[in-house]
Structures are given as C-alpha cells and as structure tokens.
Amino acid sequence: MSTIEQASKRLEELRKAGVDMPWARDPEAATLSPDQPAALAGALQDVAPAPAPLAAPKHRVDIDFAALRDACYLVPDAPRSRLLDEFRGVKRPLLANAHGSKTAEPVDRGNLIMITSSLPGEGKTYTSINLAMSMAMEMNHSVLLVDADATRMAAAQRLGLTGRRRGLIDLLLDPALDLSEVELATNVDTLTFLPVGTQNERATEIFSSQAMVAFLNRLAAHQQDRIVIFDCPPLLPSAEARALAPQMGQIVLVVCAGKTHQGSVQQSLAILEESPIVMTLLNQSRTPSASSPYGYYAY
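Be aware that the sequence shown starts at 10, since it is given in our numbering, and climbs by one per residue.
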C-alpha cells in the first residue's frame, strides 16, 4: 500500500471516529480544536514519508560484454543456458525477501545483499556479477552493484572498468560528494556500478563509520525501487567484510565445491550468526540434480 493510500485510509478512520476535519471540506477552514491535532498525529504516525529520490548518475561507462561472455559470465540478451537458469533460481528467494511475497512481508533492509566467501578464490565476485546481471533482467526494479573489496577491486576488473575512479571510499570520506557523482550508469539500462574508489589503509574503519551507516540507511530506504549487491571481501582474512555484515539485510556465503573446507564454512557461519538471513551458495558443483533440466547444479 502506498503512502498516499495509507494516509487516505487513516483520514477515513478519523471521519468514522467523528474527528472534524474542516480542511477536507474547505481548505480555508483549517482551524483544529485542541484535541484534534493529537488525534490526527496518532492516526498518521505510522505513515512514513517517502524517501527522497536518488539523483541519476552523472557518468556513464560501457561494460565489456565480449570479455564477460568469454569468461562465462551472464550478459544481456544471452540465449537460455544452464547458468542463466541457475541464477534465476538463486535470485528468486532473495527478491522475495527484498520485496515481500503473497505470504510474507519484506525483511528489514532486504534490498541490501552482501556476497562473500570464507576465503579468496571461491567465486564471490563471479557470483556478485552474475547475480547483478540476472536481477537487472527483472522488469520492475533496478540494481546497483557495489565493489566493496578495497584490496582486490575484482568486480571493476571483471567488468572491464579499470583505471582510477572515485567511488565508495571517497563518498564516505567527503560529505560534500553525492552518490550521483561516483555511481556509474552502464550499457545495461537497469544496472549501475559503484567502484570501491581511492584505496585507503583505513578501509575497515571507514566501512565501520557513521558515514557508512547513513549511506546504507539511505539505500535501504529505497527498498521497493532498487536492489543493492555488495561484492565484499572474504570473511576470514578480511576485517572489512565483518564490519559490513551486521548492516546487511541478506548475506550470500559462496562455498566452492571440493575446495572450501568444512571448518572454514563453520567459522564463517559463526561470524554471521547474528545476521538475520544467511544463505549458502555452492559454486562449481557437478552433482546431478533431478530439478535441473541440464542435470547439474552450475552454482
């Protein structure tokens, strides 16, 4: 229900309760009796104002689709494949948590999705990019992919967006800088990209700052409009990922089949035990599956 619909519902309840609202009949007759402001405030207190709109990115870049395709990533207009279908399955519960479903309300901050792994080399950047591409194929919302790996900056490299660019760290350090100045529109209409920005040895402290909290709150306020995917560093060797995890609505922990040790997964899940929603995603599995039309899980 929209804010306007909620407000209309509350006003109707006030009318039925006998609260006189002359401004509804005559805009010039807006004098309230002493008890009416309190009644009105109580009836409308749970109608949250709409978040301020986010300005459009001021800069545009072109993702290297050919390089992505050659590296077995999803690209727009790709023919149906095992990879495409598997990521359709991956994104469905995440979208349901973010936007709600017929049987459940949206989870708090469900549009903020952190992709991580226990250790390097398990496929978290591969998962982040493919998930962002798959979600960008949806009809009703946009996707922001955030490179939050201040050490490797792998997402930018895989997308062919190398070179020095301002990004997340610069945004957090400079109060005068707006998201629109560092967010990059791409040649996928519904996908934007936020680079990690200028490297800084204090990345952990920056990601733990009130500036980051305020930034994430702003993104979370647009829950019905935008999915935000954070490509984060691995959990066990990185303090940055541990700083970000408590502020996310959903976390996807990538586990590499035949490589990730069970003890590493257990340590990672222990770190994430306070997070509301944690999903594990098995990457590079070749286990036959009756539910897959191709016979194998590709993720």
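Be aware that a few hints might be false.
[Stated by the list, open to error] Each pair of labels, with its calculated beta carbon distance range:
hint: 1; residue 1: Ala194; residue 2: Asp86; range: 28 to 36 Å
hint: 2; residue 1: Glu214; residue 2: Ala80; range: 32 to 40 Å
hint: 3; residue 1: Ala194; residue 2: Glu282; range: 22 to 30 Å
hint: 4; residue 1: Ala65; residue 2: Gln275; range: 38 to 46 Å
[As the list claims (entries may be wrong)] Derived pair list, reagent style SDA-like, types lysine to any residue, alpha-carbon separation capped at 20 Å:
hint: 5; residue 1: Lys268; residue 2: Asn292
hint: 6; residue 1: Lys67; residue 2: Arg235
hint: 7; residue 1: Lys67; residue 2: Lys268
hint: 8; residue 1: Lys67; residue 2: Val222
hint: 9; residue 1: Lys111; residue 2: Asp198
hint: 10; residue 1: Lys67; residue 2: Asn196
hint: 11; residue 1: Lys100; residue 2: Ala87
hint: 12; residue 1: Lys268; residue 2: Leu291
hint: 13; residue 1: Lys100; residue 2: Lys268
hint: 14; residue 1: Lys100; residue 2: Pro85
hint: 15; residue 1: Lys100; residue 2: Ala113
hint: 16; residue 1: Lys67; residue 2: Gln219
hint: 17; residue 1: Lys67; residue 2: Ala194
hint: 18; residue 1: Lys67; residue 2: Thr199
hint: 19; residue 1: Lys100; residue 2: Asp187
hint: 20; residue 1: Lys100; residue 2: Tyr82
hint: 21; residue 1: Lys100; residue 2: Val197
hint: 22; residue 1: Lys100; residue 2: Glu114
hint: 23; residue 1: Lys268; residue 2: Glu114
hint: 24; residue 1: Lys67; residue 2: Tyr82
hint: 25; residue 1: Lys100; residue 2: Asn292
hint: 26; residue 1: Lys100; residue 2: Asp183
hint: 27; residue 1: Lys100; residue 2: Ala75
hint: 28; residue 1: Lys100; residue 2: Ser151
hint: 29; residue 1: Lys111; residue 2: Gln233
hint: 30; residue 1: Lys100; residue 2: Ser284
hint: 31; residue 1: Lys100; residue 2: Asn149
hint: 32; residue 1: Lys100; residue 2: Met146
hint: 33; residue 1: Lys111; residue 2: Arg101
hint: 34; residue 1: Lys100; residue 2: Ala76
hint: 35; residue 1: Lys100; residue 2: Cys265
hint: 36; residue 1: Lys67; residue 2: Ile215
hint: 37; residue 1: Lys100; residue 2: Gly172
Everything labelled a hint here was simulated from the structure, so no lab data went into it. Quick reminder that beta carbons are idealized off the backbone N, C-alpha and C, glycines included.
Hints and how they fare:
In this structure the supplied range 28 to 36 Å is violated for Ala194 paired with Asp86, their Cβ-Cβ distance being about 18 Å. Glu214 and Ala80 have their C-beta atoms about 34 Å apart, which keeps the hinted 32 to 40 Å range intact. About 38 Å separates the C-beta atoms of Ala194 and Glu282, a value inconsistent with the hinted range of 22 to 30 Å. Between Ala65 and Gln275 the C-beta distance comes to about 44 Å, which sits within the given range of 38 to 46 Å.
Pair hint Lys268 plus Asn292 holds up; C-alpha atoms about 10 Å apart against a cutoff of 20 Å. About 18 Å separates the Cα atoms of Lys67 and Arg235, which keeps this hinted pair within 20 Å; it holds. Annotation: proposed proximity of Lys67 to Lys268 is violated, straight-line Cα distance about 42 Å (limit 20 Å). Restraint check: the Cα-Cα separation between Lys67 and Val222 comes to about 24 Å, which exceeds 20 Å; the hinted pair is violated.
Restraint check for Lys111 and Asp198: the C-alpha separation of about 28 Å exceeds 20 Å, so the hint is violated. Using a Cα cut-off of 20 Å, the hinted pair Lys67 and Asn196 holds, with the two alpha carbons roughly 14 Å apart. At most 20 Å may separate the alpha-carbon atoms for a hinted pair to count; Lys100 and Ala87 meet this at roughly 17 Å. Restraint check for Lys268 and Leu291: satisfied, since their Cα atoms lie roughly 11 Å apart, inside the 20 Å limit.
Between Lys100 and Lys268, the direct Cα distance comes to roughly 24 Å. Violation of the 20 Å bound is thereby established for this hinted pair. Straight-line distance between C-alpha atoms of Lys100 and Pro85 comes to about 16 Å, which keeps the hinted pair within the 20 Å bound. As the CA atoms of Lys100 and Ala113 are separated by approximately 17 Å, the hinted pair is consistent with the 20 Å bound. Proximity of Lys67 to Gln219 is assessed by CA-CA distance (about 25 Å); at most 20 Å being required, the pair is judged violated.
Of the supplied pair hints, the one linking Lys67 and Ala194 holds, its CA atoms being roughly 8 Å apart against a limit of 20 Å. A threshold of 20 Å between alpha carbons decides the hint, and for Lys67 with Thr199 the separation of about 15 Å falls inside it, so the pair holds. Simply put, Lys100 and Asp187 have alpha-carbon atoms about 29 Å apart, too far for the 20 Å limit, and the pair is violated. Pair hint Lys100 plus Tyr82 holds up; C-alpha atoms about 16 Å apart against a cutoff of 20 Å.
Under the criterion of a C-alpha separation no larger than 20 Å, the hint pairing Lys100 with Val197 is consistent with the structure, at around 18 Å. For the suggested pair Lys100 and Glu114, the alpha carbons sit about 17 Å apart, so the restraint of at most 20 Å is met. Taking the CA atoms of Lys268 and Glu114, the gap is near 37 Å; set against the 20 Å cutoff, the hint is violated. Proposed proximity of Lys67 and Tyr82 is contradicted: the alpha carbons are some 27 Å apart, above 20 Å.
Restraint check for Lys100 and Asn292: satisfied, since their Cα atoms lie roughly 15 Å apart, inside the 20 Å limit. With a C-alpha separation of about 34 Å, the suggested pairing of Lys100 with Asp183 is violated against the 20 Å cut-off. Taking the CA atoms of Lys100 and Ala75, the gap is about 24 Å. The hint is violated against a cut of 20 Å. Simply put, Lys100 and Ser151 have alpha-carbon atoms about 14 Å apart, close enough for the 20 Å limit, and the pair holds.
Between Lys111 and Gln233, the direct Cα distance comes to roughly 15 Å. Compliance with the 20 Å bound is thereby established for this hinted pair. Taken as a hint, the Lys100 and Ser284 pair is honoured in the structure, with Cα atoms around 19 Å apart against an allowance of 20 Å. For the hint linking Lys100 to Asn149, the alpha-carbon distance of about 14 Å falls within 20 Å, and the restraint holds. Distance check on the hinted pair: Lys100 and Met146 sit about 11 Å apart at the alpha-carbon level, within 20 Å; holds.
Our distance criterion of 20 Å between C-alpha atoms is met by Lys111 and Arg101, whose separation comes to about 14 Å. Distance hint between Lys100 and Ala76 is unfulfilled; the C-alpha atoms sit about 23 Å from each other, more than 20 Å. Proximity of Lys100 to Cys265 is assessed by CA-CA distance (about 18 Å); at most 20 Å being required, the pair is judged to hold. For the proposed pair Lys67 and Ile215, the alpha carbon gap of about 24 Å is over 20 Å, so the pair is violated.
Between Lys100 and Gly172, the direct Cα distance comes to roughly 30 Å. Violation of the 20 Å bound is thereby established for this hinted pair.
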